[in-house]
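Enquirer: Heads up: the sequence lines are chains D and V, in that order. If you're matching positions, the first sequence starts at 1 in our numbering and goes up one per residue. If you're matching positions, the second sequence starts at 1 in our numbering and goes up one per residue.
In case anyone wonders, no lab produced these hints; they're calculated from the structure. Incorrect hints may have been included.
Said to hold, decoys possible - Covered stretches of chain D (chain V as the covering partner; in silico rule of three or more C-beta atoms under 8 Å from a C-beta of chain V):
id : region
1  : 17-23
2  : 35-43
3  : 46-53
4  : 95-105
The model shown is predicted, which means the values in this text are computed figures rather than measured ones. Positions of the beta carbon are idealized from the N, C-alpha and C atoms, including for glycine.
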Amino acid sequence: MLTETIETVPIRSSEDIVRVRQKVRFQAGAMGMSLIDQTKFITAASEIARNTFEYGGGGELVMETLRDGARRGLRLTFLDEGPGIADIEQAMRDHFTTGGGLGLGLGGAKRLVNEFDIESRPGEGTRISLIRWK
Amino acid sequence: MDKIPILKVGKCLLVTIQIDMHDRLAMALQDDLTNAIVTSRAKGVLIDVSALEIVDSFIGRMLSNIASASRVLDAVTIVVGMRPHVAITLVELGVQLSGIQTARNVDKGLETISRLIEQSESTDAYGDD
Ligand SMILES: Nc1ncnc2c1ncn2[C@@H]1O[C@H](COP(=O)(O)OP(=O)(O)O)[C@@H](O)[C@H]1O
Ligand SMILES: [Mg+2]
Numbered sequence: 001m002l003t004e005t006i007e008t009v010p011i012r013s014s015e016d017i018v019r020v021r022q023k024v025r026f027q028a029g030a031m032g033m034s035l036i037d038q039t040k041f042i043t044a045a046s047e048i049a050r051n052t053f054e055y056g057g058g059g060e061l062v063m064e065t066l067r068d069g070a071r072r073g074l075r076l077t078f079l080d081e082g083p084g085i086a087d088i089e090q091a092m093r094d095h096f097t098t099g100g101g102l103g104l105g106l107g108g109a110k111r112l113v114n115e116f117d118i119e120s121r122p123g124e125g126t127r128i129s130l131i132r133w134k
Numbered sequence: 001m002d003k004i005p006i007l008k009v010g011k012c013l014l015v016t017i018q019i020d021m022h023d024r025l026a027m028a029l030q031d032d033l034t035n036a037i038v039t040s041r042a043k044g045v046l047i048d049v050s051a052l053e054i055v056d057s058f059i060g061r062m063l064s065n066i067a068s069a070s071r072v073l074d075a076v077t078i079v080v081g082m083r084p085h086v087a088i089t090l091v092e093l094g095v096q097l098s099g100i101q102t103a104r105n106v107d108k109g110l111e112t113i114s115r116l117i118e119q120s121e122s123t124d125a126y127g128d129d
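So that you can see chain D by itself, here it is in the shape it has in the complex (with noise of 0.2 Å):
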């Protein structure tokens, strides 16, 4: 697989998550994405930046192409040196919120993307990445 990385944004403020949404629609527009898996894209990138923003403390995203094959994709990687997450698999669970959140975030984020993967450990940080491929 060929990957290249395009950017890297800073998600430090409310603004920097806007500021995801229109780097991830930009780059999904040139691929040829369709204006329902953009949209689905967008809005699963919203949600994990938000997070890297207010739980881990900030970070930033990379975005990357990828070629495998005939097939074309973009990966999105948040990363944060944050408080980690210690049970995995409760923070993924719907309606699971430690900030009064709706806690769809993780979860509905997996839901929108073809890829999902996240790693984390307490005291170290989060890394979740994310792939759509068109």
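Given chain D, work out where chain V with the ligands should sit, using these hints.
Expert: Just chain V with the ligands now, kept in the frame of chain D:
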């Protein structure tokens, strides 16, 4: 722009969300709108989301909160013009806008609100007898 304008149309408040709001802006709108229902004695709130390209769980929660608060303040909230791809994505995300009334466009929304206001006024009238 750092505030979403709220217009008064008859007994209704009309809000047209035309930009991709950051979270603080969405919270401010929720507060402003709740205050405006009280100060303007509005009976209805119409939120036009037809320009929104996405609604995530934060904005979904904001819409639910506004609807719940307006109910407590004796006003009806109608969300207008949500685009189909946005609605489909919200469902898959798992956000239920169950307590929220919706309408296809602003005209239809205003019609529904006037009808609901009339209904509630006639029940109030019975209640007074
Ligand atoms: N980057 C992160 N760092 C630490 N904890 C996180 C992170 N992302 C998510 N979490 C934890 O997972 C929970 C569930 O997240 P989510 O599904 O997005 O729901 P919500 O944001 O509504 O709480 C959060 O309440 C938080 O405890
Ligand atoms: Mg979240």
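Enquirer: Confirm or reject each hint.
Expert: Each hint, compared with the structure:
Counting residues of the region 17-23 of chain D whose beta carbon lies closer than 8 Å to any beta carbon of chain V gives 4, which reaches the threshold of three, so the coverage claim holds. Coverage of the region 35-43 of chain D by chain V holds in this model, with 6 residues showing a Cβ closer than 8 Å to a Cβ of that chain against a need of three. Against chain V, the region 46-53 of chain D contributes 3 residues with a C-beta closer than 8 Å to a partner C-beta. That satisfies the three-residue criterion, and the hint holds. Under the rule that three or more residues need a Cβ within less than 8 Å of chain V, the assignment of the region 95-105 of chain D holds, with 4 such residues.
Every hint, counting from the list given before, is met by this structure.
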